[in-house]
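A.B. asks: Sequence:
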Amino acid sequence: MKAEDLVNNNSLTNIEVTGRDTVVYTGIALTAINMARMEERENVLKWISVKERLPDPGEEVLLFEEGSPRPFEIGWLREKQGDHKSNWALQNGDVVFEVTYWMPIPKLP
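In UniProt numbering, the protein residues as written are 1 to 109.
It is possible that some hints are incorrect.
[What the hints assert, rightly or not] Cut-off 27 Å, straight-line C-alpha distance, at most; resulting in silico cross-link-like pairs (DSS-like, lysine-lysine):
1. K80 with K51
2. K80 with K46
3. K51 with K107
Quick caveat, the hints were computed from the structure, so don't treat them as lab data.
Build out the structure end to end from the sequences listed, making use of the hints.
C.D. replies: Written out as structure tokens, the structure reads:
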């Protein structure tokens, strides 16, 4: 269940107490807020398959290269040039081709 479902299924904004006054149950509201925060965190810190989609060329991301001695690197997708297919550039200047997953770089604390 997602936070939005919790809000919609429990009609948080349409609970009538007396007359036309409406209230929100604090427990449900706090649960929905916490669920929304967790959903946001999961979406930000999720590995994305290169088969699913690619980052914008030039955007620095965290890369995973399976089988590499250093499987995690910061790099970016280089634009396709001529007949050469796109490849990944690393901060140290190396170029790699076998990246399988990537994710946006998490925000600093």
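A.B. asks: The structure should be examined with respect to each hint, and the outcome stated for every one.
C.D. replies: Consistency of the hints with the structure:
1. K80 with K51: Distance ~16 Å between K80 and K51 Cα, so the pair holds.
2. K80 with K46: holds, 25 Å
3. K51 with K107: Measuring from Cα to Cα gives roughly 25 Å; hence the hint holds.
The earlier numbered hints are all upheld by this structure, with none contradicted.
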